[in-house]
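Quick mapping for you: the protein sequence lines, in order, are chains Z and H. So for the first sequence, my numbering puts the first residue at 113; every next one is plus one. So for the second sequence, my numbering puts the first residue at 6; every next one is plus one.
Calculated directly from the structure, the hints in this document are not laboratory data. Treat the hints with care, as some may be off.
[Unchecked claim] Using 20 angstroms as the maximum straight-line C-alpha spacing, the simulated EDC-like pairs for lysine to aspartate or glutamate come out as follows:
#1 Z/K114 - H/E35
#2 Z/K187 - H/E45
#3 H/K25 - H/E35
#4 Z/K264 - H/D10
#5 Z/K257 - H/E62
#6 Z/K187 - Z/E292
#7 Z/K114 - H/E64
#8 H/K24 - H/E45
#9 H/K52 - Z/E115
#10 Z/K264 - H/E35
#11 Z/K116 - H/E45
#12 Z/K334 - H/E64
#13 H/K73 - H/E35
#14 Z/K114 - H/D10
#15 Z/K257 - H/E31
#16 Z/K187 - H/E64
#17 H/K8 - H/E65
#18 H/K8 - H/E62
#19 Z/K187 - H/E66
#20 Z/K186 - H/E35
#21 Z/K187 - H/E62
#22 Z/K187 - H/E65
#23 Z/K186 - H/E65
#24 Z/K186 - H/E66
#25 Z/K264 - H/E65
#26 Z/K186 - H/D10
#27 H/K24 - H/E35
[Claimed, not checked] If you anchor each label on the Cβ, the simulated ranges turn out as follows:
#28 Z/G357 - H/H53: 34 to 44 angstroms
#29 H/E66 - Z/F425: 23 to 33 angstroms
#30 Z/A272 - H/E64: 54 to 64 angstroms
#31 Z/N424 - H/K8: 33 to 43 angstroms
#32 Z/V347 - H/E66: 17 to 27 angstroms
[Unchecked claim] Residues from chain Z that keep clear of chain H, each with C-beta distances beyond 12 angstroms, as calculated:
#33 G132
#34 V247
#35 L250
#36 F254
#37 Y260
#38 G294
#39 Q298
#40 L338
In this text, a Cβ means the ideal position worked out from N, Cα and C, and glycines have one as well.
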Amino acid sequence: MKEKRNLIIAGLIIGLISVGLVKAGNPANMGFCIACFLRDIAGGVGLHRAAIVQYVRPEIIGLVLGAFAVSLVKKEFMPRGGSSPVLRFVLGFIVMVGALMFLGCPLRMVLRIAGGDLNAVVGLVGFAAGIAVGVFFLNQGFSLKRTYSLPKVEGMAFPALNVGLLLLAVFGTGLLLFSESGPGSQHAPLAIALIAGLVVGALAQRTRLCMVGGIRDLLLFKDWTLLSGFLAILVAAAVGNMLLGGFNLGFANQPVAHTDGLWNFLGMATAGFGSVLLGGCPLRQLILAGEGNSDSAVAVLGMIVGAAFCHNFGLASSGTGSTANGHIAVVLALVVLVVIAVTNTAKAAQNAKVSSSQGK
Amino acid sequence: MTKVDARGRSCPEPVLMTKKALASGENTYEVLVDNRTAVENVTRFAKHQGYTVSVTESEEEFTLSLTK
């Protein structure tokens with residue numbers, strides 16, 4: 113019960129901070145968007161050249177360092193890794209392809225719904241469908257295999273990279289590419305964005321908040337606990353938007369969104385399915401990476417590279433709609449997800465047989 | 006008593022492994038995990054199934070004793 117209460121409180125705070133970040137300068141319904149922000153960072157360091165989505169988002173750095181600091185204090189900083197790292201890189205890549213088809217990570221999907229964007233409701237249905245497919249494979253024994261303890265310095269590497277990125281954003285802006293127009297040019301002041309990230313990172317670390325885990329646990333165990341955080345974000349952001357005039361119900365003319373229902377559905381289905389196989393949504397991967405989890409750090413790197421590919425190869429959607437290249441990429445991504453799911457499920461069954469025949 | 010070794014597994018796998026083991030309907034189980042999220046999730050699940058849970062911690066490992 114205490115867990116659920118804490119999740120609801122954290123969710124309400126995160127929802128309000130998200131609305132506040134939009135007020136402070138972020139694009140509409142984009143107080144937080146892990147996919148969009150990692151995409152902007154990829155552009156900021158020149159991994160892609162889409163001029164309207166380039167910026168080093170301090171929120172991401174804050175999320176990682178907030179989780180890092182709290183996990184150190186609470187003695188939960190545990191460097192771990194070695195659970196199918198390359199597959200996790202590919203899964204991170206694929207989650208990004210799906211998210212940029214829809215134009216948002218699961219967290220921004222909730223924030224879009226809270227802004228009245230009904231396209232995001234279509235995305236949510238696809239997201240839940242993708243999670244249901246992933247849950248099917250989990251029940252069949254899908255596993256990316258176990259992790260192992262690693263040296264402290266391995267777990268410190270990803271937080272250290274974020275410190276480096278922050279120093280670059282403060283002192284080395286001449287080296288970075290920052291958008292002069294479009295979503296990348298709209299951002300809250302650096303200090304506000306960084307503090308918002310730190311607070312949300314700390315809250316998400318304590319509560320294990322996860323957009324994918326919420327729906328997954330409901331389907332697997334009939335457990336509403338994690339989902340309550342997700343619902344609290346929705347309520348707080350919707351109320352905040354209504355009070356500040358950011359609520360606009362409908363499909364058409366939604367900010368940084370398109371109305372292509374089929375591809376909104378399939379994009380989030382891809383993101384949901386891929387995230388279940390990873391064990392958590394993009395936000396959760398960032399938090400775990402902050403806690404020293406190398407596997408999650410690799411997944412985040414996969415997302416960043418995936419975002420660069422999405423813009424270099426014209427896969428990402430824009431306000432004007434989805435692209436033919438993007439459609440092909442999402443279909444291919446779904447095929448790869450099924451291959452990863454099937455091969456890692458069949459192996460688990462085989463291993464079990466082998467060990468039982470050896471009498472272990 | 007059945008033992009479940011979920012060390013190295015990240016969620017939701019420890020809970021799924023526990024769920025599978027609990028299907029045998031015994032009164033006591035021991036679940037080994039190595040991260041706090043797994044401790045919380047397995048504890049929550051076991052309590053829902055009517056078990057009382059006690060946790061002992063030793064060197065980055067946790068032993069959960071489930072009793073009905």
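* To do: Report the numbers of all earlier hints that the structure fails to satisfy, in ascending order.
  => 1, 4, 5, 6, 7, 10, 12, 14, 15, 20, 26, 29, 30, 31, 32, 34, 35, 36, 37 and 40
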